[in-house]
Amino acid sequence: MGSFRTESGRSRDLTFDLSVAGRPAGTATLKLGLLGDPLRRRQTVHFPSGDMRVVEEYSAVSIRP
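Counting in my numbering, the sequence shown runs from 1 upward without gaps.
Calculated from the structure, these hints are not laboratory results.
Keep in mind that a hint or two might mislead.
Distance ranges between label pairs, derived from CB positions [what the hints assert, rightly or not]:
1) Val20 x Arg40: 19 to 29 Å
2) Asp17 x Glu56: 17 to 27 Å
3) Thr27 x Glu57: 12 to 22 Å
4) Gly22 x Pro65: 26 to 36 Å
5) Val20 x Pro65: 28 to 38 Å
Backbone N, C-alpha and C fix where the C-beta goes; we use that ideal spot for every residue, glycine too.
Sequences are here, hints too, so could you generate the full structure?
As structure tokens, this is what we get:
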């Protein structure tokens, strides 16, 4: 698991490693808003033929208990 980093009190980044079948496969960073809502995810997955990079930005999130 990774760690949190705060950017000027506005958001937090949660960075973590990805693994497939117990082997390192990449990294991801989830940017969280002040209320813990996801704002953006950046992910890099390593393949033998090269890296795949993904960026998702979330404009609306609905979390139901």
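The hints, checked one at a time:
The supplied range of 19 to 29 Å is met by valine 20 and arginine 40, whose beta-carbon atoms lie about 23 Å from each other. The beta-carbon spacing between aspartate 17 and glutamate 56, approximately 18 Å, falls within the hinted interval of 17 to 27 Å. Between threonine 27 and glutamate 57 the CB atoms are about 18 Å apart, so this pair conforms to the stated range of 12 to 22 Å. The beta-carbon spacing between glycine 22 and proline 65, approximately 33 Å, falls within the hinted interval of 26 to 36 Å.
For the pair valine 20 and proline 65, the beta carbons lie near 32 Å from each other, so the given range of 28 to 38 Å is met.
Going through the hint list in order, the structure satisfies each hint without exception.
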